[in-house]
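> The residues making up each chain are set out below.
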Amino acid sequence: MNSAPQEAVFYILSAAIVIFSVMTVTTRRILRSATYLLFVLFATAGLYFQLNYSFLGAVQLVIYAGGIIILYVFSILLTTTDKDKVARLKNSKILAGVLTVLAGAALCVFITITHNFGPTRYVGDEVPMKVIGTALMGTEKYQYLLPFEAISLLLLACIIGGIIIARKR
Amino acid sequence: MFDFGVVTQWIDELLRSFLPGTAATLVELVLIGLCLLVGYAVIALILIYAERKVCAFFQCRIGPNRVGPYGTIQSIADMLKMLTKEIIEINHVDRFLFNLAPFMVIIASVLAFGCLPFAKGLHVIDFNVGIFFLIAVSSIGIVGILLAGWASNNKYSLIGAMRSGAQMISYELSIGLSILTLVVFSGTMQLSEIVEQQAAGWFIFRGHIPAFIAFVIYVIAGTAETNRGPFDLPEADSELTAGYHTEYSGMHFGFFYLAEYLNMFVVAGVATTLFLGGWMPLHIPGWEGFNQVMDYIPSLIWFAGKCAVVIFIIMWFKWTFPRLRIDQLLHLEWKYLLPINLCNLLLMVIVVVFKLHF
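In order, the protein sequences belong to chains A and B. Counting from 0, one number per residue, gives the positions in the first sequence under numbering that gives the first Met the number 0. Counting from 0, one number per residue, gives the positions in the second sequence under numbering that gives the first Met the number 0.
The set of hints was computed from the structure by calculation and includes no laboratory data. A portion of the hints provided could be inaccurate.
Now the in silico label distances, taken between C-beta atoms and shown as ranges [unchecked claim]: (1) B:LEU30 with A:LEU155: 43 to 49 Å; (2) B:PHE353 with A:LEU155: 27 to 33 Å; (3) A:THR25 with B:VAL26: 49 to 55 Å; (4) A:PHE109 with B:PHE353: 21 to 27 Å.
C-beta atoms are modelled at their ideal positions from N, C-alpha and C, and glycine is treated no differently.
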């Protein structure tokens with residue numbers, strides 16, 4: 000496919016990410032906020048699919064859309080007692096928020112301008128699943144997913160242990 | 000065997016002959032989308048009719064028999080009724096989420112439907128992570144159900160949605176693991192490749208014991224995943240009126256209804272593709288004449304026939320077994336299916352490593 004439609008899709012996805020990110024933090028209902036966050040994650044998955052890296056796109060969908068957002072929604076359903084909207088912010092808090100945003104934006108712009116980006120588009124076919132699989136389970140340089148997963152198992156054990164200790168009366 | 004790729008290629012060349020490349024691609028996207036939606040609707044109508052007839056025969060009734068010969072036009076009449084019904088706006092609900100929820104459910108279902116290889120050359124999305132992508136998009140539907148339950152501002156809907164969420168998340172584990180068992184066996188996640196590999200024999204025969212266990216677990220978990228009986232607690236009519244879609248009316252309710260039936264078809268389609276050879280005819284190694292005869296049956300009919308068998312088994316389930324309680328349902332998943340599934344995965348790895356398969 001030539002580049003004009005690719006770029007059009009890229010701009011649509013980026014616009015969706017920006018708009019829904021802003022809406023996530025500005026809406027005053029918590030469940031709507033989770034829904035907008037879901038849209039942001041969908042659009043990010045769309046970017047991965049556009050880069051022809053369908054594995055990462057599918058992982059994004061299954062982990063974030065299918066896992067994390069559902070966890071969020073579940074915890075909102077279980078914990079929120081009143082469905083009232085969040086109260087309006089005080090002026091001092093708004094000021095502090097604006098300052099933080101400006102500082103964050105300045106940092107991001109600085110990094111974006113000074114960073115030397117690689118090629119803008121991945122050329123070539125989809126990465127074969129076997130390559131991804133061996134890279135994930137490998138022990139060579141830059142292949143550190145296996146120890147990472149082992150650590151996450153340790154974390155899970157800690158969480159379960161914490162629950163058991165907390166429940167003991 | 001007839002290859003549908005010939006037809007799609009002809010359409011592609013025809014469009015490219017008088018349109019520039021981008022426009023042709025766009026037109027093709029719209030055409031494929033239309034074909035998928037029409038297929039989706041038609042299959043839903045057939046399934047609703049089949050469900051009513053099967054249910055009636057299980058209960059010694061005749062079922063729909065007034066509208067058209069043998070009641071065949073009944074579900075079309077019902078569809079028209081549904082389309083013309085008013086969509087009621089309810090007070091005190093979060094209107095945006097309330098209207099969004101049915102679309103989330105139906106989009107997840109259509110995306111999963113689009114991944115299936117229907118016949119030789121008739122395959123819309125063929126990523127090299129095909130089956131993983133299918134699981135990923137079908138998990139979006141849970142969010143839709145949870146949002147529907149919450150946005151309805153009704154305690155029955157909320158309980159229904161919570162049950163549904165807990166049930167679908169739990170059974171997704173079983174579905175994922177039983178699919179993983181077959182991915183270990185085939186060595187690929189690409190659906191077209193999985194089907195091609197079954198030319199020498201369907202995986203349920205070639206993978207013998209572990210493949211069969213995986214098939215049984217897949218069908219059970221798939222039934223639970225689609226919220227159908229005996230696992231239909233989220234919409235238990237007797238306790239929760241209709242669960243998460245109590246407050247929905249008109250076509251919004253129709254979307255939930257369609258998605259439920261089509262999810263059943265997707266479950267059956269995945270079971271067909273992974274275990275029963277997809278559109279691949281029944282081949283027995285060594286029986287050349289028999290294989291030749293089987294090749295004369297079109298691939299679309301093979302796929303539809305196998306799906307119909309699996310769908311019939313799922314319906315048989317629903318009208319035979321009594322409903323479970325919610326705690327029994329979760330016990331079944333976490334205490335029985337999940338450990339069995341993990342052991343089965345290990346068994347499959349042993350079978351593959353020592354080449355004990357056919």
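> Now, for every hint given, state plainly whether the structure supports it.
Quick rundown of the hints versus the structure:
no., hint, result
1, B:LEU30 with A:LEU155: 43 to 49 Å, "holds, 47 Å"
2, B:PHE353 with A:LEU155: 27 to 33 Å, "holds, 32 Å"
3, A:THR25 with B:VAL26: 49 to 55 Å, "violated, 39 Å"
4, A:PHE109 with B:PHE353: 21 to 27 Å, "violated, 58 Å"
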